[in-house]
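Number of protein chains: 2
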Amino acid sequence: MELLEQKIMNEGIILDDEVLKVDSFLNHQIDPFLMVEIGKEFARRFQGERITKILTIESSGIAPAVMTALQLKVPVIFARKQKSLTLKKDIYVEKVYSFTKQAMNEITVSKQFLSPEDRVLIIDDFMARGEASLGLCRLVEGASAHVVGVGIVIEKSFQEGIRKVKEAGYRVESLARIASLKNRQVQFLKDKEVIF
Amino acid sequence: MELLEQKIMNEGIILDDEVLKVDSFLNHQIDPFLMVEIGKEFARRFQGERITKILTIESSGIAPAVMTALQLKVPVIFARKQKSLTLKKDIYVEKVYSFTKQAMNEITVSKQFLSPEDRVLIIDDFMARGEASLGLCRLVEGASAHVVGVGIVIEKSFQEGIRKVKEAGYRVESLARIASLKNRQVQFLKDKEVIF
Numbered sequence: 001m002e003l004l005e006q007k008i009m010n011e012g013i014i015l016d017d018e019v020l021k022v023d024s025f026l027n028h029q030i031d032p033f034l035m036v037e038i039g040k041e042f043a044r045r046f047q048g049e050r051i052t053k054i055l056t057i058e059s060s061g062i063a064p065a066v067m068t069a070l071q072l073k074v075p076v077i078f079a080r081k082q083k084s085l086t087l088k089k090d091i092y093v094e095k096v097y098s099f100t101k102q103a104m105n106e107i108t109v110s111k112q113f114l115s116p117e118d119r120v121l122i123i124d125d126f127m128a129r130g131e132a133s134l135g136l137c138r139l140v141e142g143a144s145a146h147v148v149g150v151g152i153v154i155e156k157s158f159q160e161g162i163r164k165v166k167e168a169g170y171r172v173e174s175l176a177r178i179a180s181l182k183n184r185q186v187q188f189l190k191d192k193e194v195i196f
Numbered sequence: 001m002e003l004l005e006q007k008i009m010n011e012g013i014i015l016d017d018e019v020l021k022v023d024s025f026l027n028h029q030i031d032p033f034l035m036v037e038i039g040k041e042f043a044r045r046f047q048g049e050r051i052t053k054i055l056t057i058e059s060s061g062i063a064p065a066v067m068t069a070l071q072l073k074v075p076v077i078f079a080r081k082q083k084s085l086t087l088k089k090d091i092y093v094e095k096v097y098s099f100t101k102q103a104m105n106e107i108t109v110s111k112q113f114l115s116p117e118d119r120v121l122i123i124d125d126f127m128a129r130g131e132a133s134l135g136l137c138r139l140v141e142g143a144s145a146h147v148v149g150v151g152i153v154i155e156k157s158f159q160e161g162i163r164k165v166k167e168a169g170y171r172v173e174s175l176a177r178i179a180s181l182k183n184r185q186v187q188f189l190k191d192k193e194v195i196f
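Going down the list, the protein sequences come from chains A and B. The opening position of the first sequence corresponds to residue 1 in the UniProt record's numbering, with each subsequent residue numbered one higher. The opening position of the second sequence corresponds to residue 1 in the UniProt record's numbering, with each subsequent residue numbered one higher.
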């Protein structure tokens, strides 16, 4: 997605060979117009899939997920990263390891919002090791619902997540795919290029 | 806001005299079309205020804030509830007590996204004790920026937050104002009605 790649080039901050910060438009400050375009692009790629729900995870997934939901005319559910006092029972729970925070999180979704008839599109901001995406897939399948696919805003294609999620049998659509962050430069994969 | 009040009446779950769950459209599952209408209504109420940024707090504030930002054509910043590994220095920090989670949180905003020229609209999902709103106001003022006002989706008018935030001198616009949750019934305040 051209507009997104430009934004990454112009505003992304490369901390090291593995970490790209996009706090100016996605992970801390949010550009609402970019989110609209991201929503349209996910909707275009997954059109015809008869999606009934979008599932994302707090917090950075929410904005792109809501804009996609608006296009597809379906609700969004955001998985929580810890149990809250008002959501104790009747939840699906999966453990997900966060390499960024070096901690095991429990991600949860209330059982009332996922049913076996649901065809679910998973949306997340980044794919790196694939832990969050696979955890969200397990949540959906724990509800006997169907995972239509995974939509990722920025895929770090040089890490193992994309390979793991594809090998698990899921369709992944990533709007920007980063081949490398070496030498403080962002290299994108082109249309059909793959690393793994 | 009529549409929001209807949604609360139809889908809100009253847990006790103080707790209303709206997990089906705001706090866990999100209705994207309702968010669009909420964004339009906040934009209408704060039009002419020359707002330059919207500040909210993860996670439930993000969807209404992004939709308001789209109408006002400005970016959103979401404050984080704890420090992440990639956001260590150069942040504004305020302590906020969460009665729901019975814990003290640190809320943080990166210094690069708030400047003294900013005119900031604060958006949040609920106002109860007012702790989050006042913490967000302090964050803005810590950056020497100006708080234009506070936009709240659901105000629990029977709790002390609204009085505290108004007494601190801030304009508050709440789209649904709840007078009482007693006897498992939602009572709304009408146009000019106030409790405090």
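Calculated directly from the structure, the hints in this document are not laboratory data. Certain hints may be false.
Copies of one chain are not kept apart here, so a pair can be met inside one copy or by any two copies together.
Derived DSSO-like pairs: lysine-lysine, alpha-carbon spacing no greater than 30 Å straight-line [said to hold, decoys possible]: (1) K111 to K21; (2) K73 to K101; (3) K166 to K111; (4) K182 to K73; (5) K7 to K166; (6) K190 to K89.
To see whether the hints hold, each was checked on the structure:
{"no.": "1", "hint": "K111 to K21", "result": "between (34 Å within a copy, 15 Å between copies)"}
{"no.": "2", "hint": "K73 to K101", "result": "neither (34 Å within a copy, 33 Å between copies)"}
{"no.": "3", "hint": "K166 to K111", "result": "within (26 Å within a copy, 39 Å between copies)"}
{"no.": "4", "hint": "K182 to K73", "result": "neither (40 Å within a copy, 35 Å between copies)"}
{"no.": "5", "hint": "K7 to K166", "result": "within (27 Å within a copy, 39 Å between copies)"}
{"no.": "6", "hint": "K190 to K89", "result": "neither (45 Å within a copy, 35 Å between copies)"}
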